[in-house]
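Colleague: The residues making up each chain are set out below.
Protein chains: 2
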Amino acid sequence: MGLVVQKYGGTSVANLEKIKNVARKVIRAKEEGNDVVVVLSAMAGETDRLIGLAFQAAEDPDRREYDALISTGEQVTVSLLAIVLNGMGYRARSFLGYQVKVHTDQAYTKARILKVDTRVIREELKKGSIVVVAGFQGVDMENNITTLGRGGSDTSAVALAAALRADVCEIYTDVDGVYTTDPNVYDKARRLKRISYDEMLEMARAGAKVLQPRSVEMAKKYEVPVYVKSSFTDEGGTLVTKEDKEMEREVVSGVTYDRDQAKITVVHVPDRPGIAARLFTPLAEHNIPVDMIIQNASMDNYTDLSFTVSRKDVKEAYRLAQEAAKDVGATSVEVDENVAKISIIGVGMISHAGVAAKMFTTLAKEGINIMMISTSEIKISCVVQAKYTELAVMVLHDAFELDKRED
Amino acid sequence: MGLVVQKYGGTSVANLEKIKNVARKVIRAKEEGNDVVVVLSAMAGETDRLIGLAFQAAEDPDRREYDALISTGEQVTVSLLAIVLNGMGYRARSFLGYQVKVHTDQAYTKARILKVDTRVIREELKKGSIVVVAGFQGVDMENNITTLGRGGSDTSAVALAAALRADVCEIYTDVDGVYTTDPNVYDKARRLKRISYDEMLEMARAGAKVLQPRSVEMAKKYEVPVYVKSSFTDEGGTLVTKEDKEMEREVVSGVTYDRDQAKITVVHVPDRPGIAARLFTPLAEHNIPVDMIIQNASMDNYTDLSFTVSRKDVKEAYRLAQEAAKDVGATSVEVDENVAKISIIGVGMISHAGVAAKMFTTLAKEGINIMMISTSEIKISCVVQAKYTELAVMVLHDAFELDKRED
Numbered sequence: 001m002g003l004v005v006q007k008y009g010g011t012s013v014a015n016l017e018k019i020k021n022v023a024r025k026v027i028r029a030k031e032e033g034n035d036v037v038v039v040l041s042a043m044a045g046e047t048d049r050l051i052g053l054a055f056q057a058a059e060d061p062d063r064r065e066y067d068a069l070i071s072t073g074e075q076v077t078v079s080l081l082a083i084v085l086n087g088m089g090y091r092a093r094s095f096l097g098y099q100v101k102v103h104t105d106q107a108y109t110k111a112r113i114l115k116v117d118t119r120v121i122r123e124e125l126k127k128g129s130i131v132v133v134a135g136f137q138g139v140d141m142e143n144n145i146t147t148l149g150r151g152g153s154d155t156s157a158v159a160l161a162a163a164l165r166a167d168v169c170e171i172y173t174d175v176d177g178v179y180t181t182d183p184n185v186y187d188k189a190r191r192l193k194r195i196s197y198d199e200m201l202e203m204a205r206a207g208a209k210v211l212q213p214r215s216v217e218m219a220k221k222y223e224v225p226v227y228v229k230s231s232f233t234d235e236g237g238t239l240v241t242k243e244d245k246e247m248e249r250e251v252v253s254g255v256t257y258d259r260d261q262a263k264i265t266v267v268h269v270p271d272r273p274g275i276a277a278r279l280f281t282p283l284a285e286h287n288i289p290v291d292m293i294i295q296n297a298s299m300d301n302y303t304d305l306s307f308t309v310s311r312k313d314v315k316e317a318y319r320l321a322q323e324a325a326k327d328v329g330a331t332s333v334e335v336d337e338n339v340a341k342i343s344i345i346g347v348g349m350i351s352h353a354g355v356a357a358k359m360f361t362t363l364a365k366e367g368i369n370i371m372m373i374s375t376s377e378i379k380i381s382c383v384v385q386a387k388y389t390e391l392a393v394m395v396l397h398d399a400f401e402l403d404k405r406e407d
Numbered sequence: 001m002g003l004v005v006q007k008y009g010g011t012s013v014a015n016l017e018k019i020k021n022v023a024r025k026v027i028r029a030k031e032e033g034n035d036v037v038v039v040l041s042a043m044a045g046e047t048d049r050l051i052g053l054a055f056q057a058a059e060d061p062d063r064r065e066y067d068a069l070i071s072t073g074e075q076v077t078v079s080l081l082a083i084v085l086n087g088m089g090y091r092a093r094s095f096l097g098y099q100v101k102v103h104t105d106q107a108y109t110k111a112r113i114l115k116v117d118t119r120v121i122r123e124e125l126k127k128g129s130i131v132v133v134a135g136f137q138g139v140d141m142e143n144n145i146t147t148l149g150r151g152g153s154d155t156s157a158v159a160l161a162a163a164l165r166a167d168v169c170e171i172y173t174d175v176d177g178v179y180t181t182d183p184n185v186y187d188k189a190r191r192l193k194r195i196s197y198d199e200m201l202e203m204a205r206a207g208a209k210v211l212q213p214r215s216v217e218m219a220k221k222y223e224v225p226v227y228v229k230s231s232f233t234d235e236g237g238t239l240v241t242k243e244d245k246e247m248e249r250e251v252v253s254g255v256t257y258d259r260d261q262a263k264i265t266v267v268h269v270p271d272r273p274g275i276a277a278r279l280f281t282p283l284a285e286h287n288i289p290v291d292m293i294i295q296n297a298s299m300d301n302y303t304d305l306s307f308t309v310s311r312k313d314v315k316e317a318y319r320l321a322q323e324a325a326k327d328v329g330a331t332s333v334e335v336d337e338n339v340a341k342i343s344i345i346g347v348g349m350i351s352h353a354g355v356a357a358k359m360f361t362t363l364a365k366e367g368i369n370i371m372m373i374s375t376s377e378i379k380i381s382c383v384v385q386a387k388y389t390e391l392a393v394m395v396l397h398d399a400f401e402l403d404k405r406e407d
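So the protein lines, in turn, are chains R and B.
Straight run, no breaks: the first sequence in the numbering used here ends on number 407.
Straight run, no breaks: the second sequence in the numbering used here ends on number 407.
Hints are computed from structural coordinates only; laboratory data are not their basis.
Keep in mind it's a predicted model, so treat the numbers as computed, not measured.
Covered, in the sense of this in silico footprint (three residues per stretch, anywhere, with C-beta under 8 Å from a C-beta of chain B), are these stretches of chain R:
#1 57–64
#2 76–82
#3 94–101
No residue lacks a Cβ here, since even glycine has one placed at the ideal position from N, Cα and C.
Could you build all of it, start to finish, from the sequences and the hints given here?
Modeller: So, in structure tokens, the structure goes:
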């Protein structure tokens with residue numbers, strides 16, 4: 001009845017048997033009367049294999065060529081799915097980024113989509129075709145192949161859904177939806193039937209792996225309804241959508257954790273203007289994203305400055321922090337890699353007092369020391385010792401009764 | 001000094017070590033002052049792997065999608081070589097068929113090149129780049145990926161050399177040139193230093209595997225000098241070039257064999273007009289190329305008609321011949337798959353009498369029965385029992401003293 005964009009990830013197209021399974025799901029949507037546009041990732045493991053080849057070929061692979069290389073993974077899956085669909089008697093055509101076209105900037109390996117043409121796809125849909133589009137890739141204005149960075153196929157799918165004004169963008173993955181927390185960590189985790197864009201965005205940023213943050217940003221911007229589903233079962237699913245004013249707001253929708261954290265502390269920093277700039281400018285210049293920053297209360301005009309970075313950046317961040325520390329007369333730089341970030345997320349926080357207090361109390365009762373805190377309108381994050389990750393997730397899940405509500 | 005097009009086949013780029021070896025050869029040509037355009041095949045075995053996937057995906061894979069799938073092999077090698085070259089400090093850029101553009105017709109899986117644009121390549125060469133082009137692939141007027149059929153990378157290289165007016169097109173392969181016959185069959189085989197386009201073309205058509213016939217046709221048409229060389233040694237090489245009127249013409253330049261032959265005989269056919277058309281039209285309609293045809297002398301208005309086809313086509317050709325035989329009142333159809341075609345090739349045949357006689361006598365002396373004969377200006381082919389293949393090659397090589405001449 002409508003126009004559906006379906007995206008299948010790498011585990012859903014890991015081999016021909018699974019691609020045939022995808023074909024059956026696509027055909028069902030088609031048979032229900034929909035126009036269907038399918039977006040695929042590469043076979044699970046293939047992108048990593050190609051990246052491995054690139055780094056064997058050169059220490060620092062040329063980025064234009066790197067993108068040309070790793071974009072072949074999606075070209076293989078889309079043409080195979082189109083072959084399977086044609087073989088099953090359904091007209092299907094695959095399209096690459098440059099054929100669609102999916103216009104991007106020239107930031108190879110992490111390009112951003114500027115515009116998606118829809119003419120070719122609409123023409124094919126009119127002919128009754130199932131259209132299969134390679135995710136993760138685009139083309140710059142000079143006809144060079146670009147890729148969108150890890151998880152970019154989610155963004156491809158949402159961008160196509162937005163450009164085509166699709167009725168829904170279905171993201172098929174190896175889990176059957178978005179949960180209140182990671183079911184591998186806490187078996188009381190409950191699947192959410194709906195979640196708002198903002199909550200999903202905070203959850204994705206705070207460590208939930210189910211959707212790439214950029215794809216959620218884009219879905220929010222263009223108000224694309226995103227349905228997260230399992231490619232292996234018809235049960236379940238979570239709808240990511242606009243916040244519904246009519247619905248009662250959940251105080252807390254989910255608990256997330258992120259172990260990819262390292263805490264760096266610059267000790268005994270003179271507390272005067274310009275010190276933070278001297279410390280954080282070099283990090284920005286080296287493209288090292290800093291997540292949380294806290295500064296202790298000043299004592300005798302000296303303070304301690306702590307911040308967190310991704311673990312892969314910790315070596316370089318440490319080096320840069322040491323240089324800055326020397327410059328500004330700090331005593332030393334300390335690194336703690338045994339930390340994790342625990343977050344609670346919920347749009348209801350805005351109107352409910354005491355959520356933060358409840359989080360801190362809950363953790364304190366278990367003897368979990370909070371090392372850093374950061375808050376946004378709909379999220380509270382605490383850095384704790386890594387060994388408490390699971391415990392923190394479970395007690396917060398219980399405290400906010402996330403297993404109990406029916407949404 | 002000039003503009004060189006170098007083509008490397010699948011065995012020359014079979015893995016990263018070999019691609020690095022190719023890079024060193026490319027750099028040497030560049031350092032000698034040349035502009036260098038490199039054309040690559042897919043890694044040895046990769047195209048077959050992709051074809052295998054296509055036929056697992058569907059019994060009769062959609063051809064547009066098949067081409068999109070199998071063209072990924074070359075995309076991997078060209079981007080890897082460009083990464084290696086950039087890593088070694090040489091600016092290099094890879095281009096796919098649609099980026100060049102290599103315009104072809106829409107005959108998927110066996111497309112023909114219509115035109116090759118040179119603007120993008122010339123611009124890159126002007127910037128000092130080494131240009132690396134994916135062989136075997138092109139793009140049709142609707143921006144669909146096409147492929148040129150087996151061995152198509154040779155044709156890509158010659159077409160690029162012609163369009164760019166290159167000084168030479170070097171074809172690097174796993175043998176060090178064109179031989180008077182297959183050295184694996186006869187160790188007296190001698191490498192030719194030069195060979196004319198016409199002789200090369202007949203040799204390629206008659207079973208020599210070193211160059212694809214279409215690439216030789218194109219080289220002849222545009223007078224592109226083609227140098228066949230080994231990618232593993234600097235020794236040797238054969239120049240395929242215009243016939244040099246000054247040079248003494250070789251009577252016979254080479255002996256070839258082709259085991260991919262099957263002989264079909266329609267027995268006791270009424271000898272009246274239109275019978276041959278009734279027999280061969282269905283074969284043409286089913287895209288089955290017929291190589292040699294002979295018709296025995298008519299006896300009592302009946303005759304036997306024999307023809308040869310490639311072994312892969314024998315089943316279907318047999319079926320079609322049986323239908324036709326029934327229609328025209330022939331007695332039966334016989335198939336002989338134990339045949340081979342032996343050919344001698346040489347531009348000197350035109351002006352030397354007695355070459356054919358010498359061939360027939362030589363075979364007769366060994367008791368090798370000739371089942372069919374066909375001749376062109378510079379080639380004589382005989383169909384013999386397959387078991388005599390090696391013997392026929394050796395005695396003809398000796399009879400025409402191919403091991404002795406120095407060219």
